[in-house]
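Given chain R's structure and the hints, the job is docking chain D onto it.
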Amino acid sequence: MIELPANSINQMIIHPSTAAVRPFAVAAILRDITFTQERYQSFIDLQDKLHQNIGRQRSIVAIGTHDLDTIQGPFHYEALPPKDICFKPLNHKKEYTAIELMELFSTDSHLKHYLHIIQDKPVYPIIKDCNNVVLSMPPIINGDHTKITLKTKNVFVECTATDLNKAKIVLDTIVCMFSQYCAAPYRVEGVKVVSPDGSYLMHPELPYRKEIVSPKEINKSIGISEDASSIASLLTRMCLPSVIIDNGQSLEVEIPPTRHDVLHACDIIEDVAIAFGYNNVNRTISDTNCVAEQFPVNKLTDLLREVIAAAGFTECLTFALCSREDVADKLGKNIKDIPAVHIANPKTLEFQVARTTLLPGILKTVACNKKMPLPLKLFEISDVILLDKTKDVGARNQRHMCAVYYNKVAGFEVIHGLFDRTMQVLEVPNNDYKFIPVDDAAFFPGQCADIMVRGQNIGKLGVLHPDVITKFDLNMPCSVFEIDIEPFL
Amino acid sequence: MTVCEEAMAELSEKLLTILSERNEFDTLDLSIELQFDHQRLVGAVKSLQSLGDVITCEQRNSKQWELTDEGKEIAEKGSHEALIYESIPLEGINQNELLGRVPNGKVGFSKAMSLGWIQIDKAAKDGPRVTKKVEAIEDGVKEICQLVKNFQIDKITDQQKNECKKRKLISEVKIVSYFVKKGTDFKTSVSKQEIELTADMIASGSWKDKSFKPYNFNALGLPPASGHLHPLLKVRTQFRQIFLEMGFSEMPTNNYVESSFWNFDALFQPQQHPARDAHDTFFIAEPEEAHEFPMDYLEKVKTVHSIGGYGSQGYKYDWKLKEAAKNIMRTHTTGVSARMLYQLAQKEKFTPSKYFSIDRVFRNETLDATHLAEFHQIEGLVADYGLTLGNLMGYIEQFFKKYGIKKLRFKPAYNPYTEPSMEIFSYHEGLKKWVEVGNSGVFRPEMLLPMGLPKNVSVIAWGLSLERPTMIKYGISNIRELFGPKVNLQKIYDNPLCRLDK
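Taken in sequence, the protein lines are chains R and D. The working numbering applies: residue 1 is where the first sequence begins, and numbers increase by one. The working numbering applies: residue 1001 is where the second sequence begins, and numbers increase by one.
To be clear, the hints were calculated from the coordinates, so they are not data collected in a lab. Everything numeric in this text was worked out from a predicted model, so none of it was measured. Watch out, some of these pointers could steer you wrong.
Quick partial rundown of chain R residues pointing at chain D, CB under 7 Å, derived from the structure [what the hints assert, rightly or not]:
# : residue
1 : I285
2 : M372
3 : D450
Just so you know, even glycine gets a beta-carbon here, dropped at the ideal spot from N, CA and C.
Chain R with its partners taken away, still in its complex shape:
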């Protein structure tokens, strides 16, 4: 930071009106900077990148850079009703009110994405100098008056934000990156930022932090054995200047303001490992002895898959997300009666709900393979998703098995036979399961039953209703069964 006499320090005064829309602001000055075309472009690029990531598309932090020689401090950061704001925006020829600017930029391919950040607020942020010259209307656009050219020598950098910490990080990053082009390189001039309550801070803060780490711990974490001075030089190479203290027991690492990503000693350990070279570390296994366990429902699934394939059926793999129609209308049901998980803001119909049945996915697979020789015998054993208030998230997965027989004739006895076979391999005797005829809009009347195993309803089997067949773009009869296999665990 450049030392300056108190009366030549620039000030930025934050007015209480900003609290409603964008409370925080910081600022700094780059003195006697020399821009070339490349540096200028890089300056713009850095601001764009910061806007995009840490600035979270300008909603959290917005940056404005201005030619200091065109304005005069003290600067005022306030928020005014849109009709009271009027200025000539960057690269335009005439003045507009803020209301007109919203209109003007609504068709601008770049700026229209940011209008919503302030558009509906009663007041818009605005930064002016002591002569009421507008510097910028964050986060939308700067004023044309203060625009920077290749000839600009003194730059006023301001960051307005909804998160003070992030604003500081952004300001620190910009000044650290570009102060090297100042006449006094790596020197930055501070700005006194006065808060509404009268307190003030000099910005940029450019905090340097010192962290004490243990070389022994570092070696242990990585799996190397370097001595303290070697580690210190590795860190210094990574721009984390380090010195040995405590007779080589510890290292004092200086963390500069450009490394705000260093939150914990583990960040320092990573830098040591990188400097050492990941591929230079010895690769060894630990002697962690464990007896492996399979997740029971997955184990059962893999056993059953083999049996169903051996019975002549082919396995499908279908999507868990689908349209509301797939699980309701196309099966003759109303979506309100289906305990489905609904996605907010799906981009297309394909992602409206999470599936509550495996059947639509398999029927779609048949529809995409109509040219294959008949019969088509398909199955899938996979999870469906159901609402469940007893779970912490309000939903659960349930492992289902679904088999489909598609042919010139319905072939109900084939599907029935496959189900019997499934019961046989699960060691459920014939007496322990029965079929209760039931009406279901998805099935042909009189050809559908609930499947009861040991008194529990585990699913349905039957011949699909012709309406269902047509709605899925098919043209042959179809027999199916779908059951929950979790009762068999």
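Same frame as chain R, now just chain D:
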């Protein structure tokens, strides 16, 4: 024998008789002589040929003129111009009406005019009027067509032939005919060779008196009726096997819906991180929020995010419960890993553990040939005292060795929840370059310590997608051929054994 086979046998016998009388014949000539369809004759000759040396056959290629469909119709009903002529009543007829009466009226009309059979009075009231010019006509074209039909094409002049060709009434076809002579094994009756040994033949002993056709080993056999497992899931089975062989236990990942808390916050991923944006993650409208959390632990997570602690600076922002409560379709299975590690930390005594999972995750990103909204993530992790970065690389090396990959390199990377982080690269012999095969890292203390895991326990983890190695292994370029309804069933039927290390 079927009716067809009987008729064929009869014809074959007849041909043999003819052959014994004449010693030789040409199939084309014979078909004209007998007024028999040439193709059926050829069929009979072929079946005789299959019996061995009963006949010899010499192929002959010739060209023949045949009537087109139009030509056949004209042979039967008369040419267009004749029909036009005959449609004109004594008093004449309006031109348009005439053209409407006869199919191909226009062609017939202009032909009839040029032959001088009809005349037209353009000045007539009610429009141009057509009347007969001559008393009778000779339908030359019909006669020609009939000659062609009766194989008497030599009676037609070249000029007439060309005209018919121009009018597309006849076309030249290639005929393959055969010149048949007696063979060395000539006999006038044929006995068919048997193909298969039957139970009756064995019982009666009649096989001894029959001749058998040798089996054709050059054709394919009958494909067995079978069911098939899905290619991607076969690869999943193999990866499950690899983990189990290495002593890793399977985590319960049967929850696609996860809260932001477990998916992000517990992993020390800050609430304003771009990955939590609506355009990368599927947020849930119903059930919108999770309503149950281990509250003590939640407070610790809140602290480490907003203030720091556990040796960390923290992110220094306002952590909001409402944000953490938002439900999503999980973006990785690492949320389950967090749940498992939390459970592990609640136990009286810490036991070193090795876990894995292979299950579905969801991303709301742009879709293209290699990206879908759903895919499968493979994840392995080890929790033990004093694990090092070198151990992580060691486990990864062992894992990939079982997958057939021996050359591995590691590159620095960034994940919000691991530090150090590494990208895993392997050398692809085919492409002759290093390709990324996975991601890995050491979980951050900010994630582990709030759970209550002992300080000197470290947790190392690595992950990859299931789809990518499968697509590389089977040479698939569009992921929709592998996952979803657009899969080609034939490819599933034909998919080989999944041998990962080959």
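Hints, verified against the model:
1. I285: Since chain D brings a Cβ to about 4 Å from R/I285, closer than 7 Å, the hint holds.
2. M372: holds, 5 Å
3. D450: violated, 24 Å
Checked against the numbered hints above, the structure breaks only hint 3 and satisfies the rest.
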